[in-house]
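Asks: Given the structure of chain A, go ahead and fit chain B onto it with the hints provided.
Each chain is listed here by its residues.
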Amino acid sequence: MEENYAIEMKGITKRFGQVVANDGISLAIKRGEILALLGENGSGKTTLMNMLSGIYQPDEGEIYEDGKPVYIRSPREAFSYGIGMIHQHYKLIEVFNATQNIVLGLDDGRLDLAAAAKKVKEICSRYGFEIDLSRKVYEMSVSQKQTIEIVKILYRGADILILDEPTAVLTPQETQKLFTVLRNMKKDGKAIIIITHKLNEVMEVSDRVAVLRKGKYIGAVNTSETNPQMLTEMMVGHSVSLNIDRPVYPSPQRKLVVEGLTCVDEEGITKLDSVSFTANTGEILGVAGISGSGQRELLEAIAGLYPVKSGSIRFVGDDGAEKELVGLTPKKIREAGVGMAFVPEDRLGMGLVGSMGMTGNMMLRSWKNGRGALVRRKEPENLAKNIMEELDVVTPGIDYPVRRLSGGNVQKVLVGREIAGEPAVLMTAYAVRGLDINTSYTIYNLLTEQKMKGVAVIYIGEDLDVLLELADKILVLCGGRVSGIVDARTVTKEEVGLMMTEYRPEEGRL
Amino acid sequence: MSAETRTPLIRLVKRTEMAKGKVFGIRVASIVIALILGCIPMLLTGTDPISAYGVIIQGSLSRPIYIKQTVKIAIPLLGCALAIAPCFKMRFWNIGAEGQITMGAVAATYFALFWAESVPHVVLLAIMFITAAAAGGLWALIPAFFKARWNTNETLFTLMMNYIAIGIVAWLQGGPWEGRKGSQLIPMFQDSARLPTVLGVHCGWIIVLALVFIMYIYMNRTKQGYEIAVIGDSVNTARYAGMNVGWIIMRTMFISGAISGIVGFMIVSGANFTLYSGVADGVGFTSITVAWLSQLNSFAMIAVSMILAVIEKGANTLQTRLSVPASIADIITGILLFCMLSSEFFINYSLVFRRREKKEAEA
Chain A
2 MEENYAIEMK GITKRFGQVV ANDGISLAIK RGEILALLGE NGSGKTTLMN MLSGIYQPDE
62 GEIYEDGKPV YIRSPREAFS YGIGMIHQHY KLIEVFNATQ NIVLGLDDGR LDLAAAAKKV
122 KEICSRYGFE IDLSRKVYEM SVSQKQTIEI VKILYRGADI LILDEPTAVL TPQETQKLFT
182 VLRNMKKDGK AIIIITHKLN EVMEVSDRVA VLRKGKYIGA VNTSETNPQM LTEMMVGHSV
242 SLNIDRPVYP SPQRKLVVEG LTCVDEEGIT KLDSVSFTAN TGEILGVAGI SGSGQRELLE
302 AIAGLYPVKS GSIRFVGDDG AEKELVGLTP KKIREAGVGM AFVPEDRLGM GLVGSMGMTG
362 NMMLRSWKNG RGALVRRKEP ENLAKNIMEE LDVVTPGIDY PVRRLSGGNV QKVLVGREIA
422 GEPAVLMTAY AVRGLDINTS YTIYNLLTEQ KMKGVAVIYI GEDLDVLLEL ADKILVLCGG
482 RVSGIVDART VTKEEVGLMM TEYRPEEGRL
Chain B
1406 MSAETRTPLI RLVKRTEMAK GKVFGIRVAS IVIALILGCI PMLLTGTDPI SAYGVIIQGS
1466 LSRPIYIKQT VKIAIPLLGC ALAIAPCFKM RFWNIGAEGQ ITMGAVAATY FALFWAESVP
1526 HVVLLAIMFI TAAAAGGLWA LIPAFFKARW NTNETLFTLM MNYIAIGIVA WLQGGPWEGR
1586 KGSQLIPMFQ DSARLPTVLG VHCGWIIVLA LVFIMYIYMN RTKQGYEIAV IGDSVNTARY
1646 AGMNVGWIIM RTMFISGAIS GIVGFMIVSG ANFTLYSGVA DGVGFTSITV AWLSQLNSFA
1706 MIAVSMILAV IEKGANTLQT RLSVPASIAD IITGILLFCM LSSEFFINYS LVFRRREKKE
1766 AEA
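Protein sequence lines, in the order shown, are assigned to chains A and B.
Each residue of the first sequence is one higher than the one before, starting from 2 at the first, in my numbering.
Each residue of the second sequence is one higher than the one before, starting from 1406 at the first, in my numbering.
This is chain A alone, in the form it adopts within the complex:
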């Protein structure tokens, strides 16, 4: 047992039913080190870290802290060992301010908020956090909420920090700030593990990289001695081309014209504020923005699923005739002959019926077809078989509930069905979220294929690197307003990042 490791996990195995989420994994981290835990979705990163933070207990294997065996049965016990984890979904009380959230759940006998605030300030200045302690959580941005989560854990005395996909919701600028803080903490001798699948961030911030693949430990390398290509091969198990093809469609034409689109939610909050843009045939229009900037509302409004307060959405037919879609239900839109396909963010809660098989899900687009009261099963069945073959959907059968399929296969079923309708407009929201690299590239290729068929593709993405490579134009949303529509071939990631946080109506417009 080497004394210089802060945490050492040895032969950790965790099973869920017959699924082996972690298979004999050994991992170690020193103090004053940033370790990146890299792996595709479903490779067992979060499971492994959940065992370190006391959420799960390992079925086999031991954990040592500073060479002594420890048994962590709850997050509270994890804190007593100085281990704290920042989860992907923050657990904060919206109506409390920063300090109140930070001391929440601590049992020190009596509550002295003033003293607590002083200690919190001291932590903030030591590591370079910028935070307004009296602010209520509901007034905060995602990045500020994340800051509170980190401070909360430091306040509890953690010196081993685990961050689960911390940059997934941050802009490039916020990511840089986070990295600065992480480096400060490292200098202070803390051990930091970040779970991620973004290679460029791994290269930038970590000292060492440990790679998991399908629940197995593949190896650890020093960041200075590796490169993205090599890491990808470790992650995927074979070499992958990391380039996205971006052909040019010869004759783009207007397909969907949105003008002054304004939407207000049930509580009277403006979700979209006079959004205007044109989606052309043979173009992928990427939509960038911090999560919750109106992306979901935009697509749902176009699909007829979100009430529109004012503005116009016009579908341009092949003959140039324009059709107003505002005020039409999804059924009416389809009956009007508008070929619109929509891959929503919530795949199982909106795009698919989880309890049904592929056939039942194909019927979601065709169940009305045919006369009489009975449903036709033959065509959807054939479509299901086709999609299963063409997109390599891994399922025990076309009637196996899609809820039980892996995320990638679920998305293949959904995208496959939407493309099968030969749409004129294809809208996708976070189409590759949670998918492995191979499936992600399958989806990118499918979208590009559709674009070259003359489909107007609208692609809401969260990974700016991908958006810049895949899209032709990028529309940036900031707080429900369009802060710019830019050429994806010339714009830089930093420029888009700035537009995501600042509304600058006159700059950067095409």
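The hints are simulated quantities; they were obtained by calculation from the structure and are not laboratory data.
It is possible that some hints are incorrect.
[To be verified] The calculated lysine-lysine pairs, modelled on DSSO-like cross-linking and capped at a C-alpha distance of 27 Å, are:
{"id": "1", "chain 1": "A", "residue 1": "Lys187", "chain 2": "A", "residue 2": "Lys199"}
{"id": "2", "chain 1": "A", "residue 1": "Lys188", "chain 2": "A", "residue 2": "Lys217"}
{"id": "3", "chain 1": "B", "residue 1": "Lys1494", "chain 2": "A", "residue 2": "Lys332"}
{"id": "4", "chain 1": "B", "residue 1": "Lys1473", "chain 2": "A", "residue 2": "Lys369"}
{"id": "5", "chain 1": "A", "residue 1": "Lys379", "chain 2": "B", "residue 2": "Lys1494"}
{"id": "6", "chain 1": "A", "residue 1": "Lys379", "chain 2": "B", "residue 2": "Lys1628"}
{"id": "7", "chain 1": "A", "residue 1": "Lys386", "chain 2": "B", "residue 2": "Lys1628"}
{"id": "8", "chain 1": "A", "residue 1": "Lys332", "chain 2": "B", "residue 2": "Lys1628"}
[To be verified] Label pairs and their calculated CB-CB ranges:
{"id": "9", "chain 1": "B", "residue 1": "Thr1560", "chain 2": "A", "residue 2": "Gly350", "range": "21 to 27 Å"}
{"id": "10", "chain 1": "B", "residue 1": "Asn1558", "chain 2": "A", "residue 2": "Gly158", "range": "42 to 48 Å"}
{"id": "11", "chain 1": "B", "residue 1": "Asn1649", "chain 2": "A", "residue 2": "Gly398", "range": "30 to 36 Å"}
{"id": "12", "chain 1": "B", "residue 1": "Phe1751", "chain 2": "A", "residue 2": "Gly350", "range": "23 to 29 Å"}
{"id": "13", "chain 1": "B", "residue 1": "Asn1558", "chain 2": "A", "residue 2": "Pro248", "range": "20 to 26 Å"}
{"id": "14", "chain 1": "B", "residue 1": "Lys1473", "chain 2": "A", "residue 2": "Glu380", "range": "47 to 53 Å"}
{"id": "15", "chain 1": "B", "residue 1": "Gln1700", "chain 2": "A", "residue 2": "Gly269", "range": "57 to 63 Å"}
{"id": "16", "chain 1": "A", "residue 1": "Glu391", "chain 2": "B", "residue 2": "Pro1601", "range": "56 to 62 Å"}
Here the structure is a predicted model, which means the values were calculated and not measured.
The C-beta atom is built at its ideal place from N, Cα and C for all residues, glycine as well.
Replies: Quick look at chain B alone, frame taken from chain A:
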């Protein structure tokens, strides 16, 4: 301290998929366990459980006349379970079948009382059937409309509607439809308003068996059945697919209420030959048990409603023969429901005991 002593005594582990045979085995085992647990209340009342179960079976199935009476109990249970299944599939918690049965019975009774002499037998029954269905359907439509329009809570709404329906009958009993003054009773139906018997039981059993097939096809093969299944899974998905959710909720509730109304008609016209405020007699609630235990499968409902009918009929015999209170039937039914629902838990999860794990590790 060793790792073993630190792991919890019992842990839950989610199962993946279980073989169909094994699932069936667990369900059967849960019934057996329920029957064993049912011995406890019997012992507490000082009864020998084995002879008590013997009496239950004897009293419900040993002679044709008993079987007929048992079937008579099962008919409304089965019919009503078929009625509420589409609502439950849609996750619309209709617990107002009791009131829908009652309103169906009211409509049927009106024609039985006032049209019996002017209309021929078959026509009268047809009118009673149709108006009972319409009355039950309309009664169910009220909460459905409020749900669709203002998203009111259907559970409370349907429940409250039961008491209104029962209140209406109580008023009719003591007021406009009262037979002999002061009797608080509605007169018995004339023969022409009574359902004919087939094989010794009123022909309602043919109607409910036909409904079993019809509802099976409706739920599994029709466009409307598909819509119901999609809404039950996710309302957003249904909207996304272009379904008019509010309209479908109202339509499904009308169908559900209509079937309950028909059950009400069968009760007054086939079994009671009169109307009183307790006409539904808890069928609307017991049938929820039937529908759940059958996992909303029409054919399984036949078996489950028969099992519950056997227990109920047998418990009556138990009361007369061994002077055990008949409410023992409710206790056994409750235990049965508890065991069968918890069997679902064991189908989805398995328990891992600390000691077993230790042995495995050593091996």
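Asks: How does the Cβ-Cβ distance of B/Asn1558 and A/Gly158 compare with 42 to 48 Å: does it lie in that range?
Replies: Taking Cβ atoms as reference, B/Asn1558 and A/Gly158 lie about 46 Å apart, which means the hint holds.
Asks: A/Lys188 and A/Lys217: Cα distance at most 27 Å?
Replies: Distance of about 31 Å is beyond 27 Å: violated.
Asks: Run the distance test for B/Lys1494 versus A/Lys332: straight-line Cα separation, threshold 27 Å.
Replies: OK: B/Lys1494 and A/Lys332 at ~23 Å, within 27 Å.
Asks: Verify the CB-CB distance for A/Glu391 and B/Pro1601 against the hinted window 56 to 62 Å.
Replies: Given range 56 to 62 Å: holds, Cβ gap about 60 Å.
Asks: Given the proposed pairing of A/Lys332 with B/Lys1628, does the C-alpha separation stay at or below 27 Å?
Replies: holds, 15 Å
Asks: Given the hinted pair A/Lys187 and A/Lys199, is their Cα-Cα distance within 27 Å?
Replies: holds, 20 Å
Asks: Return holds or violated for the Cβ distance of B/Lys1473 and A/Glu380 against the range 47 to 53 Å.
Replies: Cβ of B/Lys1473 to Cβ of A/Glu380: about 48 Å, so the range 47 to 53 Å holds.
Asks: Measuring from beta carbon to beta carbon, are B/Gln1700 and A/Gly269 in 57 to 63 Å?
Replies: violated, 43 Å
Asks: Would you check the hint for B/Lys1473 and A/Lys369, treating anything up to 27 Å between C-alpha atoms as holding?
Replies: Distance ~44 Å between B/Lys1473 and A/Lys369 Cα, so the pair is violated.
Asks: Just to be sure I understand the hint, the distance between the Cβ atoms of B/Asn1649 and A/Gly398 should be within 30 to 36 Å; is that true here?
Replies: holds, 32 Å
Asks: A range of 21 to 27 Å was offered for this pair. Does it hold for the Cβ distance of B/Thr1560 and A/Gly350?
Replies: Holds: the Cβ-Cβ distance is about 22 Å, inside 21 to 27 Å.
Asks: Given the hint of 20 to 26 Å, check if B/Asn1558 and A/Pro248 actually sit that far apart at their C-beta atoms.
Replies: violated, 54 Å
Of the hints listed earlier, those the structure fails to meet are numbers 2, 4, 13 and 15, in rising order.
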